[in-house]
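Starting from two chains that each stand alone, build the complex the way the hints lay out.
One line per chain: the protein sequences are A and B, in this order. The letter at position 85 of the first sequence is residue 85 when you use my numbering, and the numbering goes up by one with no holes. In my numbering, each residue's number is its place in the second sequence (first place is 1) plus 114.
Each hint can be trusted.
List of simulated lysine-lysine pairs, DSSO-like, C-alpha gap at most 27 Å:
hint, chain 1, residue 1, chain 2, residue 2
1, A, Lys13, A, Lys55
2, B, Lys117, B, Lys171
3, A, Lys53, A, Lys18
4, B, Lys224, B, Lys170
5, B, Lys181, B, Lys117
6, B, Lys117, A, Lys55
7, A, Lys70, B, Lys155
8, A, Lys57, A, Lys71
9, B, Lys155, B, Lys171
10, A, Lys3, B, Lys151
11, A, Lys70, A, Lys55
12, B, Lys154, B, Lys224
13, A, Lys57, B, Lys117
14, B, Lys182, B, Lys117
15, B, Lys117, B, Lys151
16, B, Lys155, A, Lys3
17, B, Lys171, B, Lys151
18, B, Lys170, B, Lys181
19, A, Lys57, A, Lys18
20, A, Lys55, A, Lys18
21, A, Lys55, B, Lys155
22, B, Lys171, B, Lys182
23, B, Lys117, B, Lys170
24, A, Lys3, B, Lys154
25, A, Lys13, A, Lys57
26, B, Lys155, A, Lys57
27, B, Lys151, B, Lys170
28, A, Lys71, A, Lys18
29, B, Lys155, A, Lys13
30, A, Lys18, B, Lys155
31, B, Lys117, B, Lys154
32, B, Lys155, A, Lys71
33, B, Lys170, A, Lys3
34, B, Lys171, B, Lys154
35, B, Lys171, A, Lys3
36, B, Lys154, A, Lys13
37, A, Lys3, A, Lys53
Just so you know, the hints here were simulated from the structure itself, not pulled from any lab data. All values derive from a computational prediction rather than experimental measurement.
Spelled out, the chains give:
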Amino acid sequence: DVKVTQSSRYLVKRTGEKVFLECVQDMDHENMFWYRQDPGLGLRLIYFSYDVKMKEKGDIPEGYSVSREKKERFSLILESASTNQTSMYLCASSFPGRTSYEQYFGPGTRLTVT
Amino acid sequence: EDKVVQSPLSLVVHEGDTVTLNCSYEVTNFRSLLWYKQEKKAPTFLFMLTSSGIEKKSGRLSSILDKKELFSILNITATQTGDSAVYLCAVGRTTSGTYKYIFGTGTRLKVLA
Chain A
1 DVKVTQSSRY LVKRTGEKVF LECVQDMDHE NMFWYRQDPG LGLRLIYFSY
51 DVKMKEKGDI PEGYSVSREK KERFSLILES ASTNQTSMYL CASSFPGRTS
101 YEQYFGPGTR LTVT
Chain B
115 EDKVVQSPLS LVVHEGDTVT LNCSYEVTNF RSLLWYKQEK KAPTFLFMLT
165 SSGIEKKSGR LSSILDKKEL FSILNITATQ TGDSAVYLCA VGRTTSGTYK
215 YIFGTGTRLK VLA
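Just chain B, same shape as in the assembly (with noise of 0.2 Å):
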């Protein structure tokens, strides 16, 4: 059966910290690796990964994707309390001509002034 892990479930750090976020998964037919965060409303879109190796960057956050061992990271340096939110890690992978993802259950971060 197709699952994404993420770990940890849940983080507490204080400002300007550096927090690592996993995400392993055992899916057929990967297409891609997805990272969100989620306030207190819709998950909005942070990165998207097709590639091993390769380091998406935006800011504080960047990500990278190993296929061979089936896990991502996120990484977010210097944390802020803007920062607290929930991070979803979602696999795209095609069956049968169509294309659908799979969510881990996400990990809480709360980062404290």
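So that you can see chain A by itself, here it is in the shape it has in the complex (with noise of 0.2 Å):
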């Protein structure tokens, strides 16, 4: 069974501070990514990486960053965390090439920022 572990379930944090969300999977998958989902928005994209040390941006990457220098661990991290980034955060991994695989999620982390 592939398996996507993220960090913590649930994370409070000040505006301001800076908030690392880890993100672990076990399939050797060449592909990982981190998405937000809110209520109305569904879930957006805000980086991937098809490599290790490789990412892009996706819709949405501002006010946030990421780090692989792993292939099994991607991170996400919020600089400065603001009041609007409190949401719902899902890694998901996948394999590489332009032919389909499905995605495996993580269990998601609830992040509010007060």
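Next up, the structure:
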């Protein structure tokens, strides 16, 4: 079974704090993704990575950065948390390539910024 | 702009009913359409469709894609309370050699006993 784990299920941070969300997958997937999920907006892609040290911006990268130093680990960083970053954050991984593969999701981190 | 639209937004049915969930899309460089079920945790994969007119089936769930009219439906027959969830539709597309997914906002299904 593919397993994607995220470092925290729930997180409460203060405005201006630097926040790290970590994601680890155990299936040797090349591709990893970070999404945020908000009511009425669905899942929106923040960043993705198709290899170690490689990253690409998704649709809403502002206020976020990422790090992929090892194949199995993909970190999302909120440089200075703001209240509009309160959301559910989902990490996913998949095999690479131009053909279709399903994404496997982690359980999500519900982040509240006060 | 690429978009994926799901309807209805929410649905309440009774056990035993049949439901049809819709997903329409306008996406460049379409490669696949995927359905996920999300309960109070991670979305779990249901189906992936790449060819028009070929039905995918798993138990009481089935799905079909129409690439000419740009939509897909997900059918659930003989619904059970365990089918209560948010159903997500995602479209995979290639852009500049990389593969990305665009998600709809989901349909929230509640099945009453």
